[in-house]
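Chains as they are written, first to last, in the working numbering: chain A, 595 to 962; chain B, -4 to 543.
The set of hints was computed from the structure by calculation and includes no laboratory data. The structure presented is a predicted model; accordingly, all values stated were derived computationally and were not measured. Backbone N, C-alpha and C fix where the C-beta goes; we use that ideal spot for every residue, glycine too. Incorrect hints may have been included.
Stretch-level coverage of chain A by chain B, calculated; a stretch enters the list once three of its residues show a Cβ under 8 Å from a Cβ in chain B [claimed, not checked]:
| id | region |
| --- | --- |
| 1 | 655 to 664 |
| 2 | 763 to 773 |
| 3 | 776 to 787 |
| 4 | 802 to 811 |
Not close to chain B: a few residues of chain A, all C-beta gaps over 12 Å, as computed [unchecked claim]:
| id | residue |
| --- | --- |
| 5 | A716 |
| 6 | K899 |
| 7 | P922 |
| 8 | D939 |
| 9 | K944 |
Within a straight-line C-alpha distance of at most 25 Å, the following computed DSS-like cross-link-like pairs (lysine-lysine) qualify [claimed, not checked]:
| id | chain 1 | residue 1 | chain 2 | residue 2 |
| --- | --- | --- | --- | --- |
| 10 | B | K482 | A | K633 |
| 11 | B | K273 | A | K602 |
| 12 | B | K369 | B | K277 |
| 13 | B | K7 | A | K717 |
| 14 | B | K304 | B | K32 |
| 15 | A | K802 | B | K36 |
| 16 | B | K3 | B | K36 |
| 17 | A | K717 | B | K3 |
| 18 | A | K802 | B | K7 |
| 19 | B | K351 | B | K277 |
| 20 | B | K40 | A | K802 |
| 21 | B | K40 | B | K3 |
| 22 | A | K602 | B | K351 |
| 23 | B | K277 | A | K602 |
| 24 | B | K3 | B | K35 |
| 25 | B | K496 | B | K384 |
| 26 | B | K497 | B | K482 |
| 27 | A | K802 | B | K35 |
| 28 | B | K369 | B | K384 |
| 29 | A | K602 | B | K359 |
| 30 | B | K482 | B | K465 |
| 31 | A | K802 | B | K3 |
| 32 | B | K35 | B | K7 |
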Amino acid sequence: MTETTQTKQRSFPSIEFTDSEAGALEFPSSQSRSYNYYKPAKLRATMYEDVTVDVQPDPDRHLSQGWIYGFGNGPGGYPKEWTAAKSSNWHAFLDPNEEWNQTIYRNNSAVVRQVDLGLQNAKRARAYDAWNPAWLKFVERNLGAWMHAENGLALHVFTSIQRSGPTNMINTAVAVNAAHKMRFAQDLALFNLDLSEADVPFDGSAHKEVWQSAPEWQPTREVVERLTAVGDWCELLFATNIVFEQLVGSLFRTELVMQIAARNGDYITPTIVGTGEHDYDRDLSYSRNLFRLLTRDAEFGESNKVLFGEWLALWVPRCLDAAHALQPIWSQPADKSVTFADSLDAAKQKFRSLLEDLGLDTPKELDQ
Amino acid sequence: MSRQSLTKAHAKITELSWEPTFATPATRFGTDYTFEKAPKKDPLKQIMRSYFPMEEEKDNRVYGAMDGAIRGNMFRQVQQRWLEWQKLFLSIIPFPEISAARAMPMAIDAVPNPEIHNGLAVQMIDEVRHSTIQMNLKRLYMNNYIDPAGFDMTEKAFANNYAGTIGRQFGEGFITGDAITAANIYLTVVAETAFTNTLFVAMPDEAAANGDYLLPTVFHSVQSDESRHISNGYSILLMALADERNRPLLERDLRYAWWNNHCVVDAAIGTFIEYGTKDRRKDRESYAEMWRRWIYDDYYRSYLLPLEKYGLTIPHDLVEEAWNRITNKGYVHEVARFFATGWPVNYWRIDAMTDKDFEWFEEKYPGWYSKYGKWWENYNRLAYPGKNKPIAFEEVGYQYPHRCWTCMVPALIREDMVTEKVDDQWRTYCSETCYWTDAVAFRGEYDGRPTPNMGRLTGFREWETLHHNKDLADIVQDLGYVRDDGKTLIGQPHLDLDDPKKMWTLDDVRGNTFMSPNVLLNEMSDAEREAHIAAYKANGTASTHTAA
Chain A
595 MTETTQTKQR SFPSIEFTDS EAGALEFPSS QSRSYNYYKP AKLRATMYED VTVDVQPDPD
655 RHLSQGWIYG FGNGPGGYPK EWTAAKSSNW HAFLDPNEEW NQTIYRNNSA VVRQVDLGLQ
715 NAKRARAYDA WNPAWLKFVE RNLGAWMHAE NGLALHVFTS IQRSGPTNMI NTAVAVNAAH
775 KMRFAQDLAL FNLDLSEADV PFDGSAHKEV WQSAPEWQPT REVVERLTAV GDWCELLFAT
835 NIVFEQLVGS LFRTELVMQI AARNGDYITP TIVGTGEHDY DRDLSYSRNL FRLLTRDAEF
895 GESNKVLFGE WLALWVPRCL DAAHALQPIW SQPADKSVTF ADSLDAAKQK FRSLLEDLGL
955 DTPKELDQ
Chain B
-4 MSRQSLTKAH AKITELSWEP TFATPATRFG TDYTFEKAPK KDPLKQIMRS YFPMEEEKDN
56 RVYGAMDGAI RGNMFRQVQQ RWLEWQKLFL SIIPFPEISA ARAMPMAIDA VPNPEIHNGL
116 AVQMIDEVRH STIQMNLKRL YMNNYIDPAG FDMTEKAFAN NYAGTIGRQF GEGFITGDAI
176 TAANIYLTVV AETAFTNTLF VAMPDEAAAN GDYLLPTVFH SVQSDESRHI SNGYSILLMA
236 LADERNRPLL ERDLRYAWWN NHCVVDAAIG TFIEYGTKDR RKDRESYAEM WRRWIYDDYY
296 RSYLLPLEKY GLTIPHDLVE EAWNRITNKG YVHEVARFFA TGWPVNYWRI DAMTDKDFEW
356 FEEKYPGWYS KYGKWWENYN RLAYPGKNKP IAFEEVGYQY PHRCWTCMVP ALIREDMVTE
416 KVDDQWRTYC SETCYWTDAV AFRGEYDGRP TPNMGRLTGF REWETLHHNK DLADIVQDLG
476 YVRDDGKTLI GQPHLDLDDP KKMWTLDDVR GNTFMSPNVL LNEMSDAERE AHIAAYKANG
536 TASTHTAA
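So that you can see chain B by itself, here it is in the shape it has in the complex (with noise of 0.2 Å):
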């Protein structure tokens, strides 16, 4: 179609809507924020008569690499130690996928702009696509990799996992809560302007390097359909943009979005790049410049800066905060040693970092041995049962950390854990920022004015805590994490297959009792609760990393 039917086409299309007389459409999601007086903006054009056809033929070349992939034997030369990973990756996106095509009629209702209606509903039917694409694609794996345990449980795995539940808040987020905070900039204006540059062509390019490239296949494929997405959220917000009410409630979603995401998706696409790679060439890009290019360069400077024209203050400080962590703080690394430390909870198995591996961290980040280079030592010692206890429960230097009651990445950069008591509990953060999205931002009221829409943070959100007291191998029974012999565990801490002697099972991680350190703080007295918190946080990233 010329690009001049399609301006016609499009221009005919939107004789489609009108001026409702008789009922307005329910309001089922509410806004706090106020369109006005806001100009229409027109999304990117996009007719169905085109989109079908287009989106064929992108299905058509993914299942054709597919089809490739099986003939050419490419789980011949995929490295173990990545597809692991994607036990725990692709047990996540579909689900943030999906909540992103429930969370347009959310956006449509609070927006009121047939044009980007048009959008958005066209955005909903790629969501689909991409959610069940990429279960397909899980499937495929499941089928032909070597080892299907914890692709073969992965939705339930997803639903019942510490990793799975942060993973979650990448797609509750979009849902729920204040419509325009949810589906616009939550969503469209943060996460996928700005994160699935990480997560659909960063990790893609090291899959491919590490054997598979399915992964890139599927994902950037999927990354094709977003340029409409940033356009359907960038229409949006400049109409919000255009009422200077919304002002303060776009700088607090703003805040509270950026944070969030790069809490949870550094956390996740830093590990499985830096530490699910068998690629250690000393020009491949580390995950501290693949951000620097694709969030820093790309997104804050080129998207979110030139926002500064409208007036709105956008968060520097918080930009650089996480530029901080990944590279002064050492984020990434903590949250590696995090889930390593957690293997007999995981539904995939982590490999042992060797001294290829460490040349490479030390190149990449300069200091990185000493900080951590003793505790995978430890870890590869500790990796096959019979003489040991699982990593957590030895004594390695390493104290099992608390949970971030907002983004629930656990406080791994220990001096700047902020613990307090709210609503009559005591919760400990992993940062300021997400200490005030908890008792700030997602409230009935912000900066004096009511904000009714604002969502709220329920559930049990510190995993520890249901499994309190708990002998570990009850934990992995109930939770399922057991392979079809009704012993061996799903989790391990190695690659070795060959040995069922190498293998843990049930039986040798019984005896472990795993308490909560949320439920542990909440029964401290004041004078106990200060100095446990005071060494926690001494024990910060310059300090904790000497292994025992």
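The shape of chain A in the complex, shown without the other chains (with noise of 0.2 Å):
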């Protein structure tokens, strides 16, 4: 005999047509279809915004039960007293990036897309067998110890920041800067385990020895590692992105690495260095947006030029003694196209135009 085993009865629930759609009905506020609590930039809300704007709340918007928790020693959430520099309204900085979910995956893996395959092309072509030793020997110090200064602004400058600025949109736009800065630094680090497995001369552990001893990199890391030690988030940003960036970061990358490693044989380096200089354009863009409101600012406008006066005196000299002690690595490659005093007087003009346009004074330092 079989025995008959009972199939169990499927249950589902049942779909039922609601009419829940806009416009089905009119009745108050059936059309009121955009935020209402904030006003736009422009005319008509951005996506940017309204993801953004007041997801991080404030007291002196909408909170009014204030903040219910507070650390041991003082207030909690967002403490406006966390940094020296102060804004009449910390709200009107907008990311002019405008990042957000989509666009953090879209253009990051756009880069990923764009490193994965020239490395692809280049084991394939083979591309380092044509590298002269010098360059080798160049890429293998000078980039290695570069990534760690990447690496350390990732996780110790940026993703700290972003805890403590009084807003949303600061904080997701240094977010989006350690992301940046941590994918670039992983990318130099595994184009260096490219190239120790490629069939060339290349040491893939020697940048840890530049980078924690070789004489012209140790004022490079004394800064990175004095900035991760600031506690004022709006100082850390200030000395890291328009400071240390414009006099070590694009001296480094733009107006050495990126001058002449097509000269030496190497057209690898500037596609995975370039994907570097267009995250600093961005994050220095959005940068830019946040100091220029501070020196603009109606009422704290002139207090916040003498505080990042008092900033650019601590911090330039810091850097120019940093860029200075890289200068033996201008002699580095076989093909030296470029000189430091060339490299260096191109970094500081651009860094006093961008002085210039946050209406700040250039320091003395600068022309000694």
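Work from the hints to combine the two standalone chains into their complex.
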């Protein structure tokens, strides 16, 4: 006899047509289809504004009960006192890059594909075989050292800052900055790995010693470490994106690596370092907007300028020391198509122009 | 990328960290935990080269589904009863998500392990993703659902509403106080590992049963990132366990974090699932059944219990009491009734319960009707303006509850309420554990040792205090919960949009004065207060539900 097994009755929710679409009925607020608790910068709110503004609440805006948790030694939330800089309206800052979920992944995935394709092609074409020994050594030591700086800034500068800014717009822009730095640092490290696995004389572990001990890199490491020790988030952002990136980061990436790699037979490094340049261009853009907002603030603009002048007086000499210490690496490649003096002049000129844009005086140290 | 190359790549990336010699990173957020003896624990390996394309692909699927929902007229079959509760839920949840991003540097500061730092920084980017993708979902609802009121003022409403403040703990708790308490135990070990199961898996399932397949699309995509976060949390937990000095703090924090998550998340998600659904199939899991599966079995038995082998005392009593509150003390039903009592100061509408709902509740929670049925019948009877006041101001045998000073959900299981004078103020608590949290755990000293980094409970914790002795119409207007005709309330105790006469206006609620239970309590003499508390507690779950 066959045993009859009872099939379990399938159970599922029933569909009901509810006619709950927009426009099905007219009643008060039936047409109210935009976020009405903030004023967009232009006539129509952008996607970026809609998904970012006021997500981090503020007792000065709608937060009626205040922050409900505090620290053991002070208020919780996002106190405006966590920086010496002042704004009559921090919420006026909007990220010109309009970064949110979709842009973060679209942009960075495009970079990943670009870098990946470049590295695959380089392997297929045995591109590293054609590099001269001096250039291999240059990449091994200097690009190897630089990736530490990028990683340190990612984890201990930008990731850190995004806890402290008084608005969601500031903190999200900085979080994306951290993502850029982390991706770029890792791309350089994985490029280093590719080179150490290629059939060329390349020591993939040399970068650690260079970063930790080589005299030309110690002042740079010192500035990076000193940056991570800054408690004031706005000073940290200013010192990093306005001063360090201009006088050291761009000096190394833009004025050296991007200028000389191709002349030394290397078409791979510029495609990778170029992505870091592109990142910085975007990150400088939001930083410029933020600091311009602060220097042009009707109430606090002048005091902010004085404050930024103090920060410049502190960080410009440190960064110039780091820049000057790097001078020997200009002599390392076989093809020395740019001089250190020309590179530093170019970096200083761009820095002056940035300061002018921010309405800040050029610090005297820059002319020494 | 193959597993071998991923391992090699990850090993290479670990070379990026170094031991600083000129200056060490600023400790912006302190901890009383110590990691001097901690072995390095490695979390899940993740490199940016594979991370970004993976997330982009997940995003593409989400946005494709969103386009499909619009083209397929999803909102023709969405249940309004369900989507109204999303006005509350989606106003709350993007803040905890972005707070989780902001919490990551706190954990990085506190834990000396570069491998974990990478994982935490990736989590930071995930959390930005979650916050903005959820804001975008809400925007889609606002644009395409029949009633956008409430969605349109979402972040303002979140910031000034009594329920928004309850939810805000699930966010502020991640970013404030001791860095490990906040960013590890509360956020990752408890909130993400335990309660995202009901938040991001159980609740979206219920959404699908109510015609909304976008909530599952977005939240399952979010949940797929959580395993990495859980791994981050577990690695730090194991590191903390390596030092005996951390044990009392871990046990303190597990008690606080477990109980607060239960109070807050079960209140909200339990209500959404049980009272927001139209799916009353008898074999549909109740929230209690879901909780048993997702929290009790998957988390408590599979994750917490094994920690005992490390000598950690885990809060068995609180797990059992949470289960007891959900199954025997009517916690979710009490919360739902409280939300519905307060409908004029909501920015969402709450549907009445029908006979079909009653039948389902009775099946799942025997004895439900005798406790809650009459009240919901009164809610239905008092749904329209003209002949009666809002239900909170009518005699239906329901006393407006005291607020718990700690979790800010009211003391709804009345016989359990604790009343104590703390910091020179009479405060009420929903439970002994919430009293302990305020009076013992969140203090500068714990169990005889200094805990200077532990957080503090701050702010105007009783929402009602802000509106004490004001006319209800003025409160609603001040909050901004008024539709664009300048008079009709956003919140309504029904779903009827077709007849303007059924919609309550400011004039309909004017003349009712709102009083803060805590202000009144502090104005009482000792004798009055004692009598008041005795009466309040006597009106407990056993007897409170007999309607007038």
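Discussion item. Checking one constraint from the list: CA of B:K351 to CA of B:K277, max 25 Å. Satisfied?
Written reply: holds (11 Å)
Practice prompt. Given that the region 776 to 787 of chain A was listed as covered by chain B, double-check it with a C-beta distance under 8 Å for 3 or more residues.
Written response: holds (count 9)
Practice prompt. Could you grab the alpha-carbon distance between A:K802 and B:K36 and see if it respects the 25 Å cut-off?
Written response: holds (22 Å)
Item to complete: With a cut-off of 25 Å on the C-alpha distance, tell me whether B:K277 and A:K602 pass.
Response: holds (14 Å)
Fill in: B:K369 paired with B:K384 [C-alpha distance capped at 25 Å]
holds (18 Å)
Fill in: Agreement of B:K369 and B:K277 with the hint, judged by alpha carbon distance not exceeding 25 Å
holds (22 Å)
Practice prompt. Sort out whether A:K802 lies within 25 Å of B:K40, counting only the CA atoms.
Written response: holds (22 Å)
Practice prompt. Measure nothing beyond the straight line between the CA atoms of A:K802 and B:K7; if it is 25 Å or shorter, mark the hint as holding.
Written response: Holds. A:K802 to B:K7 sits at ~11 Å (cutoff 25 Å).
Fill in: Pairwise hint evaluation, B:K482 against B:K497, where the allowed Cα distance is 25 Å at most
holds (13 Å)
Worksheet item: For the pair supplied as a hint, A:K717 and B:K3, is the alpha-carbon distance within the 25 Å limit?
Response: With a Cα-Cα distance of about 18 Å, the restraint between A:K717 and B:K3 holds, given a limit of 25 Å.
Item to complete: Decide, holds or violated, for the assertion that all CB atoms of chain B are farther than 12 Å from the CB of A:P922.
Response: holds (20 Å)
Worksheet item: Does B:K3 lie within 25 Å of A:K802 when you go C-alpha to C-alpha?
Response: Holds, at about 17 Å.
Every hint, counting from the list given before, is met by this structure.
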